[in-house]
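Colleague: Chains as they are written, first to last, in this note's numbering: chain A, 1 to 113; chain B, 1001 to 1113.
Incorrect hints may appear among the rest.
[What the hints assert, rightly or not] Quick look at which bits of chain B chain A covers, simulated, 3 or more residues with Cβ under 8 Å:
hint	region
1	1030-1039
2	1093-1106
[Unchecked claim] Looking from chain A toward chain B, a few residues come up when the C-beta cut is under 8 Å (computed):
hint	residue
3	SER27
4	ASN55
5	GLY56
6	PRO97
Because the hints were derived from the structure by calculation, they are not lab data. A virtual CB, placed ideally from N, CA and C, is assigned to each residue, including glycine.
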Amino acid sequence: ETGVTQSPTHLIKTRGQQVTLRCSSQSGHNTVSWYQQALGQGPQFIFQYYREEENGRGNFPPRFSGLQFPNYSSELNVNALELDDSALYLCASSFGPEYTEAFFGQGTRLTVV
Amino acid sequence: KQEVTQIPAALSVPEGENLVLNCSFTDSAIYNLQWFRQDPGKGLTSLLLIQSSQREQTSGRLNASLDKSSGRSTLYIAASQPGDSATYLCAVRPGDSNYQLIWGAGTKLIIKP
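The shape of chain A in the complex, shown without the other chains:
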């Protein structure tokens, strides 16, 4: 059974650029959620995808968007990067959008300069 994997592990981008982060869900899981974690804080929910549809969204602007593919892997896209977007981006997968245990990847560290 493979766990949740994220790529890349580290990324440096310039303000105003666009970035795509990727997540492969754990085998058998059909739900992917994305979180942003600033240094020293708990993660903040960005959005969730369940069976290729957005199933819920946190308080993030529209320049944060996502996709889920038929194999349940997912992408997080961020346009017009700002310095405050620098954070650890975490992907979690689960079987079903609620109730069940969430398993996380190792995260992607994004630095915006």
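Given the coordinates of chain A, assemble chain B onto it according to the supplied hints.
Modeller: Below, chain B alone, put in the same frame as chain A:
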């Protein structure tokens, strides 16, 4: 609006001690609560999941309790070891938006050899 608080923010104890980490939440209408461990700059490792109908869960030296009516959960670590040093975070899945996890800021634990 659900809020999650973890006290203390940091804790340093000698090896071998039993210790308790605290998590409190403001709205008792939750589906479940999950405890995680995070090593520096890394992703999140799920430790224990407690469903709202449960009072406690155990895994090895870890025991987590849940008291929904008082909005509290505790994580008990028995016979602490230096390898337990990490940040411990709790997260609740709220009843009115069960697609997301609401997080505390974590307790940074240092176990001194």
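Colleague: Does each hint hold? Answer for all of them.
Modeller: Do the hints match the structure? See the list:
{"no.": "1", "hint": "1030-1039", "in the structure": "holds (count 4)"}
{"no.": "2", "hint": "1093-1106", "in the structure": "holds (count 11)"}
{"no.": "3", "hint": "SER27", "in the structure": "violated, 16 Å"}
{"no.": "4", "hint": "ASN55", "in the structure": "holds, 5 Å"}
{"no.": "5", "hint": "GLY56", "in the structure": "holds, 3 Å"}
{"no.": "6", "hint": "PRO97", "in the structure": "holds, 5 Å"}
The structure shown violates just one earlier hint, number 3.
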